[in-house]
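Protein chains: 2
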Amino acid sequence: MNGAQSLIQTLVNGGVDTCFTNPGTSEMAFVAAVDRVPGMRTVLALFEGVATGAADGYARMTGRPACTLLHLGPGLGNGIANLHNARRAGSPLINIVGEHATWHLKHDAPLTSDIRSLANPVSGWVRTSASAATVPNDAVDALVASQTPPGQVATLIFPGDAMWTEAPDPLPAPALPARPAVDAAAVEALAATLRAARSKGEACALFVGDAGWTPRGQAVASRIGAALGKRPLGYRFSARGARGAGIAQIERLAYPIPQALAQLAGVKHLVLAGAPAPVGFFGYPNLPSEIRPPDCALHVLATPRQDVLAALEALADALDAPAEPPQRNAYARPALPEGDMSVEKIWLALAALLPEGAVIADEAVTSSRESDRWMSGTAPHDWLAVTGGSIGQGIPVATGAAVACPDRRVINMEADGSAMYTLQGLWTQAREGLNVLTVIFNNRNYAILRGEMKAIGLDIGPKANDMLRLDTPTLDFVRLAEGMGVPASRATDMAAFNAALAVGLREPGPRLIEVMI
Amino acid sequence: MNGAQSLIQTLVNGGVDTCFTNPGTSEMAFVAAVDRVPGMRTVLALFEGVATGAADGYARMTGRPACTLLHLGPGLGNGIANLHNARRAGSPLINIVGEHATWHLKHDAPLTSDIRSLANPVSGWVRTSASAATVPNDAVDALVASQTPPGQVATLIFPGDAMWTEAPDPLPAPALPARPAVDAAAVEALAATLRAARSKGEACALFVGDAGWTPRGQAVASRIGAALGKRPLGYRFSARGARGAGIAQIERLAYPIPQALAQLAGVKHLVLAGAPAPVGFFGYPNLPSEIRPPDCALHVLATPRQDVLAALEALADALDAPAEPPQRNAYARPALPEGDMSVEKIWLALAALLPEGAVIADEAVTSSRESDRWMSGTAPHDWLAVTGGSIGQGIPVATGAAVACPDRRVINMEADGSAMYTLQGLWTQAREGLNVLTVIFNNRNYAILRGEMKAIGLDIGPKANDMLRLDTPTLDFVRLAEGMGVPASRATDMAAFNAALAVGLREPGPRLIEVMI
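Chains S and Y are the protein sequences, given in the same order.
For the first sequence, the numbering used here gives the first residue as 37, with consecutive numbering after it.
For the second sequence, the numbering used here gives the first residue as 37, with consecutive numbering after it.
These are calculated hints, taken from the structure and not from any lab test.
Model, not experiment: these values are computed from the prediction.
Among these hints, one or two may not hold up.
Same chains, same names: a pair is fine if it fits in one copy or spans any two.
[Claimed, not checked] Distance condition first, Cα-Cα at most 35 Å in a straight line; then the derived DSBU-like pairs of lysine-lysine:
(1) K266 to K490
(2) K266 to K236
(3) K490 to K304
(4) K304 to K142
(5) K266 to K142
(6) K304 to K236
The following block holds chain S by itself, in its conformation from the complex (with noise of 0.2 Å):
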């Protein structure tokens, strides 16, 4: 057994059976590999981001690490921006990237290049196989790393020999760290804060993440909110969340820092469980970088790598808070919206027709702000959103939970402007029979910049308006996803849009609609 065979085996004997892949020639060992060893399924893309960005859709679906298989610095390079993603998603990940022989490194062939420098940035955990004897327990250790909480990426570099040449027997499935569980002492101290704060008329409020937009996560972080007289807050760019009918939604802090500041008011203690302290996106001349009232204590429940949901279990217990969250989203679907089209009724003709259990990966920016109004009536399902705000997300995080959820109905709503950093993803969908329904809302616009710089009170000249428009020539939705074996067709109208949602919605394999808005 050579060392491709050994590390697919034990990271297969580790729970992990998917491999998306990008390869090249330095990774054929892995390539033929796949062929004599059983269990791990091999998803092609026709670019790293694709890959990259599946893998963070599949674990962020499963829990579970897939691996991705990479071409050198390069094909990792292409990969960053969804890594970015993944490594703010926590998502479990092990990238495979090959890497020159060891002993042709010191040629410095064309290809050649500094991988762990890209990989750092993006990898909490970056090792190099030194040979094929190391292989087995650089899987584990990558195994152990990827799922280490919240969830890392973690960046295996394989050098050629190290694949090709005979390599150790495949390792067992390691053991894996447990989240560690929060002080109870601290919990019920902490109470006593909020308490004493509470009893001088001091507003205290919940600022949640991941783990706080699960079902279970947002039904005790409303009861958390009754105890304290304000409802909770969730952190906007979480890796996934609960939302439409029955659950106890939460609010999300708002994008521009105006309204985030609005909404945490007069808050004086500010609770984060597994949520970082609310900061801007970005840093703007006259707004601050922290969202918060300046006399606003932050008081941290628990970290993203502790077991966040005991820890407000156990603080909604020490707050005596009510047995259920004061309320739930009632099921409520909107009828179909008719006549002409607007971003709002896109969404109602989803919430209209969406089927349980759905995947929604969004990635319509500018046109999805205010989709938790419009969908929380519907049926429930899971939400995905771009957790690095690197954009060209939508695409891949979309397929990779359709490989990871073959039951369950995936939407990507995406922007125009988004959509192309990773269209490839499409051909791929084509490719799996994916069940991916890709709305493409077409505004002709970098829209989200337009808007910032008109936020920030800069005049738009002709140059500037130029980089912001995507009208010369406006792109073809259709014939690109056509071009890619994806059906598709384009609405003007929403008779056109609820017919070809219907079918979408209900036919196997992907398909795209294109809204001109």
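With the hints as your guide, set chain Y onto chain S.
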């Protein structure tokens, strides 16, 4: 004048008048500044790899840097693959990478990452502007660094507050470093060594890099070859080469190691003129890394940063080489081939119709290995190779070459697999009305990988086969091109190809021909 304006004006003063952009929120002050400072053309790309590859193509054709505008770490990440090629090409290039405001960085907002770690592997020079006060000087240093021979990637990380704060006045164009001359005595000594070796009957050969691929370089290399009794060899992955009628064509060192070893069989002295010592593109289990006979001595005539052309001419004189090269390519256009299609016929048709002064961006991979043979008698043209082995270069480099040379026809000979990494460049070609004809060799395979697996002796099992085929589904490049506003057609016989080729070489603006081979 704010930092962004002062930066742009200093770059314009230094001769940088083109910026390939894909901006985000953190670069809005730069976007606004382009309208306040005259002289900077902005070319929008939908993906950063298009912007960086276009800047590389621009540099290869003009010898001058363009700048790019990239959005934080993920934007740079998307540009890395083609920056890797630009670094290997020795292309002068200035990246402007937006960064959070200096005081916002410590809050680790979602888009925060270690930009410097990403930039280092592809840059010869990296700096973060500390504040607006340092910006004009930073711009001057970037101008100098990028144009330090042979040319480098210079990356300036540009925080928001350095962009929007009042800055010192822009600076004038700096003096640029010249290429160091090769010591005359060293050339004489090398000539003496070579003469002595020849008198003992030892074979000597010349191996040239970029400078040796210019018309003048090939002529003098051929004269030296005549003196040494062996046709000179050229580095395969040079940034730019001259080809066609009237050129004293040198021989390209082959990509497969056994073929390359055969070209150098028996050589006892190999003279490097601006070229690296020949090594395998990859390391293989049973092949050497270094491509030369074990008893072959290396002699460095000139490094890539020195004045290689002058050194070659001095060596020719010192060797009493003939005043003229022994032969130049005759002007002999082939007839237009008819009937069924083949790779050879596609190239011969291009040779039949190629206009004078065309530029060929070649990323046809397995479909271009023998093109020298077919293109030697056509009109003189330039040839741009994939320098760093990073795939997805062809469309962007063609785009940048066309921006640089609006009066020349640019033909991009492109493989199907490679095209899909940076297909978004077609939109920029349409937007700018660039005279680029893209020919896609659609063989529905990663054919090079199939060949490499066979060469190594690896079995291609069913899963491996699945990772090498692109026909599930087949990509439809006509629809893909039309979706981005580029007129396109498909050719399945030579009559159709010849007709489309004639139109594509004559009409203004971009076109694409998909050839099914």
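Results of checking the hints against the structure:
In the homo-oligomer, the alpha carbons of K266 and K490 lie at most 35 Å apart inside one protomer (33 Å), although the nearest pairing across protomers, at 66 Å, exceeds that limit. With identical chains, the CA atoms of K266 and K236 are at most 35 Å apart within one copy only, with a shortest distance of 15 Å there and 94 Å across copies. With identical chains, the CA atoms of K490 and K304 are at most 35 Å apart within one copy only, with a shortest distance of 32 Å there and 68 Å across copies. Taking CA atoms no more than 35 Å apart as the test, K304 paired with K142 passes between copies only; the shortest distance there is 23 Å, against 59 Å inside one copy.
Taking the shortest alpha-carbon separations for K266 and K142, only the inter-copy value of 29 Å comes in at or below 35 Å, while the best intra-copy value is 62 Å. Taking CA atoms no more than 35 Å apart as the test, K304 paired with K236 passes inside one copy only; the shortest distance there is 11 Å, against 91 Å between copies.
Checked against the numbered hints given earlier, this structure breaks none of them.
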